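K.L.:
Here is what each chain is made of, one letter per residue.
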Amino acid sequence: MSYKNFFDPWIILPTILFAIFVVPVVWIISSLFGEYSDNWTHIYNYTLSNYIYNTIFIIIGTSIGTLIIGVGSAWLVTTYNFTGKNILEWALLLPFAVPPYILAYTFTGLFDSYGTANNLIRDIFSLPHEFIFFPKLRNVYGASIVFSFTLYPYVYLVSRMAFINQSRSIMEVGRTLGFSKFKVFYKIGIPSIRPAIIAGLMLVLMETISDFGAVEHFSVNTFTTGIFSTWFGLYDFHTAKQLAALLLIVVITFLVLEKYSRRKNRYSSGSNVFGPIVAEKLRGSKNFFASLFCMLPVFVGFVLPNIQLAYWALNYKLEFFNEKFITTAWNTFYLAIITAIICALLAVIINFSIRYKKNKILNILSSFLTVGYAVPGLILALGVSQLLVFMDNLLFREYLDFVLTGSLVGLVLAFIIKSFALANSTIESGFLRINTRLDDVARTTNTSGWKLLTQIHLPLLTTSFLTSMILVVSEVIKELPASLILRPFNYDTLAISTYIYAAEERMFDAAAPSIAIVGVGLLPIIILSRLTVKSRPGYRNNDSHYQSY
Amino acid sequence: MTENTLEIKNLRHSFNTDIEVLKNINLNVSRGEIVSILGPSGCGKTTLLRIIAGLEKQTGGTVNINETIVSDSKSFVPTEKRGIGLVVQERALFPHLTIIKNVAFGLKGKKDEKYKIALDLLKLFKVDGYANNYPHEISSGEQQRVAIARAMAPNPKILLMDEPFGALDHALKSELRDETKKIFKDNGTTAIIVSHDFDDAISMSDHVLIIDDGLVAQEGSAKDLIPITRKNSFKIA
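Those protein sequence lines, which keep their order, are chains D and S. With this note's numbering, the residue at position 244 of the first sequence is 244, and numbering never jumps. Quick note: to get this note's numbering, add 549 to the position in the second sequence (first position is 1).
I should point out that these hints are in silico values taken from the structure, not numbers from a laboratory. Please read these numbers as outputs of a predicted model, since none were measured by experiment. Cβ coordinates follow ideal geometry from the N, Cα and C atoms, glycine included.
Straight line, CA to CA, 27 Å or less: simulated DSS-like cross-link-like pairs of lysine-lysine: (1) S:K772 / S:K731; (2) S:K558 / S:K572; (3) D:K451 / S:K630; (4) S:K706 / D:K451; (5) D:K357 / S:K657; (6) D:K451 / S:K665; (7) S:K657 / S:K706; (8) D:K451 / S:K660; (9) S:K665 / S:K650; (10) S:K606 / S:K630; (11) S:K663 / S:K730; (12) S:K606 / D:K358; (13) D:K451 / S:K606; (14) S:K706 / S:K659; (15) S:K675 / S:K660; (16) S:K630 / D:K360; (17) S:K623 / D:K357.
Chain D stretches covered by chain S per the calculated footprint, using a threshold of three residues with CB under 8 Å from any CB of chain S: (18) 428–439; (19) 443–455.
Could you build all of it, start to finish, from the sequences and the hints given here?
P.N.:
Now the structure itself:
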């Protein structure tokens with residue numbers, strides 16, 4: 001519509017939301033232009049180089065690890081048939097359910113000097129107590145391994161999608177030009193999906209540098225641990241914000257690269273005019289090594305930590321569902337469901353506003369709202385804390401009290417900013433599947449925007465709505481640093497319980513909340529694997545009649 | 550002189566470019582008249598329909614419905630306030646609603662009254678046996694009947710139909726055209742049909758407008774247009 005009404009609720013609401021989303025981030029960045037304290041000088045002179053060195057080392061290590069595992073396994077499962085392929089195809093996504101900090105906790109339980117694995121080796125080979133077989137993991141190498149095995153599914157997922165959509169003829173032309181199968185892989189296969197791989201890798205790196213739980217457990221000093229210790233060790237909120245601003249600049253760089261690569265991928269993803277790749281059967285040693293290569297990341301990233309967690313849980317004499325665990329689980333699900341409902345509703349309102357009002361400004365605002373996922377939880381916690389203090393001063397100064405600060409409002413707000421993109425992408429694609437002709441017809445029958453939304457769009461969006469809620473719930477349950485900082489006093493969530501128990505080396509106690517987190521994390525994987533199958537060329541969707549009218 | 554239900558004066562339209570898709574269109578439609586707008590693909594006929602419906606705002610000119618300005622340079626009455634019905638080629642039935650709920654969707658009032666009106670219309674179009682079925686459970690011809698019934702249900706001032714018989718086979722198309730015309734005439738429905746099919750226009754309408762390159766190339770009663778258009782094989786100079 002060319003006419004505009006800026007007092008229209010369908011325009012005002014997304015605009016207010018945009019302001020709430022952006023203010024915390026702007027506050028963080030603006031700190032760079034403020035004064036620098038003595039603490040900053042100290043950090044700059046003595047510890048900043050260490051943060052930078054460790055962060056770069058982990059970035060390089062994780063990039064190498066995730067690329068080898070992610071691209072390699074994606075290529076194998078798309079191009080070849082080998083033993084266990086049908087299971088491994090989706091099982092390779094399972095480590096998505098294990099947050100890096102939980103893998104870090106279980107790895108220390110397994111591979112520390114007197115961990116389960118070293119004890120087992122000593123027992124089996126009757127070795128002396130001082131013999132240590134597995135090298136120490138509490139360092140940058142260990143952190144890189146943990147991130148590689150928990151985050152490679154990002155690269156696996158995008159690479160596999162890209163390989164699936166790649167034209168078979170490209171590969172066949174390569175073979176006719178005299179290239180071996182392996183040469184076709186790295187000379188043609190990889191370069192033709194490079195933008196997709198880079199996009200996946202940028203997501204991995206954003207997660208890597210945002211992590212707090214794993215690096216803190218391994219005592220590796222990075223930006224996130226630096227921000228945390230500056231805030232809660234030196235009690236210097238301003239310097240913590242300045243450190244956060246530096247980290248945010250790195251995150252924004254990765255984000256821009258990710259968006260750019262994704263856009264390039266749109267043009268480069270091959271046509272499937274000549275049919276998708278037909279998998280070739282592997283035999284003998286090739287079959288064995290292909291299976292092994294794809295099984296290893298699933299074993300290390302999912303099976304092994306779960307065995308360790310189950311071992312701890314069982315040794316806890318099955319006092320799994322004690323009162324504390326139930327309260328914590330309730331707190332977590334309560335928070336997650338509230339956040340998921342709000343996120344899904346906001347995504348519906350914003351996408352509906354864009355569709356109904358056909359307003360370009362709304363479209364731009366909405367794309368800004370989705371970048372919240374890239375902002376590390378710790379930085380969001382800083383920004384949201386400042387926003388709440390400001391609101392408390394503005395609204396409740398006369399009561400000389402903190403009303404919003406330390407309440408659930410901050411936590412929910414941070415979760416919404418962080419997970420809105422997840423809800424939005426699902427709701428947006430749900431709206432795209434609804435024929436716009438339905439809107440045209442409904443509008444001719446004197447249907448208001450509200451009736452169109454509630455009686456036509458919402459019923460057709462049920463699946464998308466629930467899917468988006470599941471994605472948000474699993475994200476909220478895993479989120480550690482924002483929960484740790486913004487939670488109300490004595491309000492524990494599963495992630496916080498896990499963190500506190502692990503910090504106190506009470507690993508038996510940490511097992512129950514960890515298993516619950518992994519269990520919920522499995523839900524989006526089921527959805528993801530279904531979506532991947534549906535995206536395959538030639539897949540027949542039995543529900544298609546539902547959307548085609 | 551009969552009262553005009555629709556009056557379009559000096560209508561022009563362009564999409565973000567300098568190229569005008571509609572150039573100075575004038576059209577009068579009397580109450581109870583069936584008008585067809587014919588023309589090749591991309592001539593601007595669907596855009597004209599969308600402008601009448603209020604789904605698009607024209608660059609220039611005036612649209613009047615029942616002697617009231619609904620769109621000009623100063624004012625714009627939104628789609629939902631214009632009192633029009635819309636039927637599209639894809640039928641656009643609401644997939645999650647039963648047939649009777651689809652037809653009753655645009656009606657106001659008590660549920661029983663709404664369903665009675667809807668059922669009467671379904672009977673008129675001989676699809677009352679499917680009232681409780683979902684759209685995907687009936688054939689394409691039956692879906693089109695439901696779509697027309699739904700558009701007629703709120704008793705619109707004008708019924709707009711965009712390629713209403715486009716997706717149907719020849720025999721079904723001919724049958725549905727005759728039935729629809731009879732129902733329209735019996736009910737005194739004012740309708741504008743956009744089509745690229747010459748037979749649709751001739752068999753359904755009282756008045757035909759042929760648009761080419763955004764201009765009215767020919768205009769007249771269906772009878773008068775037959776010899777000219779047949780001879781020219783629909784190529785308009």
